[in-house]
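Chain by chain, the residues:
There are 2 protein chains.
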Amino acid sequence: MLVVLRLGHRVGRDLRITTHVALTARAMGCDKVMLSGEKDESVIASIKNVVEKWGGSFTVEYQKDWKKIVGGWRGKIVHLTMYGEPVEEKISEIRKFKNLLIIVGSEKVPGEVYKMSTYNISITSQPISEVSALAVFLHEYFKGSELGKKFKKARIKIIPQAKGKKIERGYD
Amino acid sequence: MLVVLRLGHRVGRDLRITTHVALTARAMGCDKVMLSGEKDESVIASIKNVVEKWGGSFTVEYQKDWKKIVGGWRGKIVHLTMYGEPVEEKISEIRKFKNLLIIVGSEKVPGEVYKMSTYNISITSQPISEVSALAVFLHEYFKGSELGKKFKKARIKIIPQAKGKKIERGYD
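Protein chains in written order, with the numbering used here: chain A, 1 to 172; chain B, 173 to 344.
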């Protein structure tokens, strides 16, 4: 089970970044996104809408208090942070674990998160987007195999094209 | 020369996503970001501020009309779009080129962009963030070597830690 926890969310301001985190988690092979912080029905609805149209079994859950999610997790915890150890040094060790809670911070991450996490992992030690950090982490974790993932029960599918757009509609 | 063109920008609404695109471009080895659409001084200032503190020679430029940027480009053009050909099938061909304009769309991309681009490339054929798409593309292009990139003249540097934060200050 691969779960992404989006730490903290402010209605309005974080709408698009949180949505991009969730879309990345789904497209790149995670099972679930857990949202914490302020409850934002529009984020939840838009993710559910994507799953309904584009298929797969990705789910979204909300829990205001992130400590309950982290405290109740049975498995390893990976916190993505620019202050952590380089992904390229730790990924082969992390790949051994199939149950991962991947924590993606927002603006200000409480110090406890660093302590509660099994791994604090950085994607470059530079200011970067939490969205890119998640994408590169997942791409390294799955060694690229996630790019060809199939999504069952899709109502919409893209047929890749060199130029232009081709969409296939209808149920599997 | 590796340049990212952010196609279209709406002041306010796109502030954070455009900033995340630019930070990803810088952290993952590009030379420049070109912004088009509405002029947003706060995005430009925040990117310049990151370069000043964190080092390197990344630049940011603004040109309202994206067609002038694309039309004047001497080199190959890669447009990242969910409708394109899978990155994993085309990347070894693209890696041969050292001059690339990488186009990252916003909400609605004009049809001409698909025609003017040398490659239309998808990162999964699923709804995903343009920020993740750029990150995975660059990670594939550089085969991971971008993760260890050094930034000269940095006033701030992170010393990677398993727990906690360690920052080094001062000039190179």
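Calculated directly from the structure, the hints in this document are not laboratory data.
Check before you lean on any hint, since a few could be wrong.
Unchecked claim - Derived DSS-like pairs (lysine-lysine); straight-line CA-CA distance at most 25 Å: (1) B:K240 - B:K225; (2) A:K96 - A:K108; (3) A:K163 - B:K262; (4) A:K163 - A:K98; (5) A:K108 - B:K329; (6) A:K67 - B:K329; (7) B:K262 - A:K115.
Here is what the structure says about each hint:
no., hint, in the structure
1, B:K240 - B:K225, "violated, 31 Å"
2, A:K96 - A:K108, "violated, 30 Å"
3, A:K163 - B:K262, "holds, 14 Å"
4, A:K163 - A:K98, "violated, 38 Å"
5, A:K108 - B:K329, "holds, 19 Å"
6, A:K67 - B:K329, "violated, 30 Å"
7, B:K262 - A:K115, "violated, 41 Å"
Checked against the numbered hints given earlier, the structure breaks hints 1, 2, 4, 6 and 7 and satisfies all the rest.
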